[in-house]
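Given two chains presented individually in distinct reference frames, assemble the corresponding complex, making use of the accompanying hints.
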Amino acid sequence: MDAIFNYLDNMFAHLPKTEEVKRAKTELGQMMEDKYNQLRAEGRSDNEAVGQVISEFGNLSELAEELGISNQVQQASSEDNFVYVTAAEGETFIEKSKKAANMIGGGVAAIMLGVISVIFFSSYAEGIFSQVLGGDEPNKVYLAVGLGLLFILIAFAVYLFVMTGLANEKYKIFDKKVVKLDPHNKMLIQKAKENHRPVLLRKISIGVGQILLAVAALTVAGVLFEDNEAVLVCLVCLLLLIIGISVWLFISGGAIQNAYDKLLNEGDYTVERRKSESVVQRWASPYWTLIVVVYLAWSFITSSWDKTWIIWPIAGILFGLISAIVHAATSNKE
Amino acid sequence: MISSDVIRGYTDIIILYLLMDEPGYGYEISRKISERSQGLYSMKETTLYSAFNRLEKNGYLRSFAGTETGGKTRTYYELTPQGHTHYQLKKDEWLITKKVVDQFIK
Chain A
1 MDAIFNYLDN MFAHLPKTEE VKRAKTELGQ MMEDKYNQLR AEGRSDNEAV
51 GQVISEFGNL SELAEELGIS NQVQQASSED NFVYVTAAEG ETFIEKSKKA
101 ANMIGGGVAA IMLGVISVIF FSSYAEGIFS QVLGGDEPNK VYLAVGLGLL
151 FILIAFAVYL FVMTGLANEK YKIFDKKVVK LDPHNKMLIQ KAKENHRPVL
201 LRKISIGVGQ ILLAVAALTV AGVLFEDNEA VLVCLVCLLL LIIGISVWLF
251 ISGGAIQNAY DKLLNEGDYT VERRKSESVV QRWASPYWTL IVVVYLAWSF
301 ITSSWDKTWI IWPIAGILFG LISAIVHAAT SNKE
Chain B
1 MISSDVIRGY TDIIILYLLM DEPGYGYEIS RKISERSQGL YSMKETTLYS
51 AFNRLEKNGY LRSFAGTETG GKTRTYYELT PQGHTHYQLK KDEWLITKKV
101 VDQFIK
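Protein chains in written order, with our numbering: chain A, 1 to 334; chain B, 1 to 106.
Okay, chain B solo, but in the shape it has when bound (with noise of 0.2 Å):
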């Protein structure tokens, strides 16, 4: 079980890359998340939704409401070009990081 202190740092990342390629909704997000993770993380909902909230006011990420083929309405998010940015400097920051803890761990 992974500590929520250990990985808030990187929930940006997680859900930037998740929406690289294309919009996604709460749930669908969340779930790829533990699917992505083989069920090592799962991420709460208020932690999800405090992300999207941050993500969105830094201008990283837009939301719009859209439409399901079932019908449903639900809040979408996509990725803004300042979004695909700062996912690379997350990403920079992460393989330095990485580099250096690995130095310590044997």
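Same shape as in the complex, but just chain A (with noise of 0.2 Å):
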């Protein structure tokens, strides 16, 4: 049933909203729902029962004329802004993206576990450890070894990063166009991504949950072992790599969930969305240049890096401020 109001949704996404245009879509979802409980009463399966009435619905052009939208109509139907997808392309994108999400994933907990190893030898330069462990003088060669893993684990981090990008290239495409399938493919997806759902609350939770509870013992043990810098240490990389695996989750839950999205045209990746994301893209990368120049000039004239790092969150919620108020702006445009 909710597939019904889907596809109907879908079809006048890109309409405005006029009077009759809302009219038009009330009257149309009155009959189709009509003819599905019909069709539901005489026996048919819901699967058969929307397929049908999915198929049996028509086209809106015929309507365009009568509404007055006909220019709308054809414009959105016009090749340029659509790109049609097969099931298997579909299906191919669909598995690409998880594993895309893998490896991106992944990557960051690579560049979380060169963090981690940066200060747990960095500590044991300074010979933190010494009082628990014995023997060890201060010894800055550690700290070495911690460096050359992190920029192992980046350069390898990096590696997959390039991959990912060079082997999803063609499917850039679905960022920007709106994505056409036929209405029975369309449900296959629709009924997929509702699969994932479970999953992607499954990962989010548990990466919230673990971070929580990790924060909680480091509090806990922060004040049970306040003068034992090795315990401390310690948890401080155990709650770095617990949060290294709870992004690998939100990124492999969110991708796959935005994989879904790109191609039903949902969530992030409706034609307003799409429209007002262009824009928003257009000057990301200069705005994200500039906040990396004044972070770096600030630090070195300064030399205060201890404090220059504040500039990062107050850049990323200016961002998504500026990137909200676009939205808005595109869509009352519509």
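It should be emphasised that the hints constitute simulated quantities derived from the structure, not laboratory data.
A hint or two may mislead.
[What the hints assert, rightly or not] Computed Cβ-Cβ distance ranges for the label pairs, DEER-style: (1) LEU95(B) - MET1(A): 41 to 47 Å; (2) MET1(A) - ARG54(B): 26 to 32 Å; (3) ASP182(A) - LEU89(B): 37 to 43 Å; (4) LEU40(B) - GLN38(A): 15 to 21 Å; (5) LYS172(A) - LYS72(B): 31 to 37 Å.
Beta carbons: idealized from backbone N, C-alpha and C, even for Gly.
Given below as structure tokens:
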């Protein structure tokens, strides 16, 4: 049943929301719902009923003239804004997105591991662990080991990012163009998206849950082992490791969700969103370049690296704010 | 299977006929069309709605919100006096058309 209304929503998504158009949508929805209920009463399965209702729906271009929206219907169905996706292409895209999500998530986790090794080995170099393990005097060599590991892991992560980018180059088209699917194919993908929902929720709740747990544990330990730096360093490393795993979960869950949204033109990839997204993308790279320049300049001039990091959360929040304003502005213009 | 081009000129007559005696709503009309044509023709939802819209704009139909015994609110359509006149005109037109075309059928 929901599939029918989703279908209708998508058919009307790119049309202006005039009174006439709204009424047309409501009445078409009524007819489809009645037909669906009738078919169900005759013993048809949900799938069969939805399939028949959608296949007998007809064509919106037929309505366009009556509703005074021929221009929009024509514009929306012109090849330029659309990309047609077959069932096989859709499936490959989802598969590749899953793989890409794992590669990127793995890359981020690798960088996290690098940061952990720097923290661990620099503490080791300062002799923090000698009070526990005994033996080793402070030794700068271990700091080099940590940094070495960091660079190797970053290189590995960059390799993963670049390879993923190259492998998915041809799917960039889905970021901007509206995807067209035949109704049956669309239904299958909608089902798959619904099936993925609990997986996504589980990934997010596990990710958030273990971070909260780790933070709580660290806070308690901070009080209990106030004087034992070795334990605290280990716990911080553990916290970062857990954050790394959580980020991996978020990225893999989110990227698969995004892949479904792209195919279905839902979520962040509705027709209006795609339009405003390209506006955001246009100034996103100069924006972040500027932030990097400001960060480096400020840090090098004042040498207060311990304070300048504050620019990142501020820049992030500002970016989110501006994106939201751009989205709101573009959807108002509709 | 009837091509939609052929029947397009007669969707009005079909709908007006089915609303002649009592008001009706979208799916009801759609079902009656399939039934009366014994499954030889079924009207797409978009075709039906665009006909409703056109007929109402021309003053042949009037729409109102009605509630069925089940309690569901639907848009009902009923024929106006102009609708009755229009039906007669279309009927005469079809009778002549039929006569003409029949001359070329063997």
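Would you pick out the hints that fail for this structure and give their numbers low to high?
-> 5
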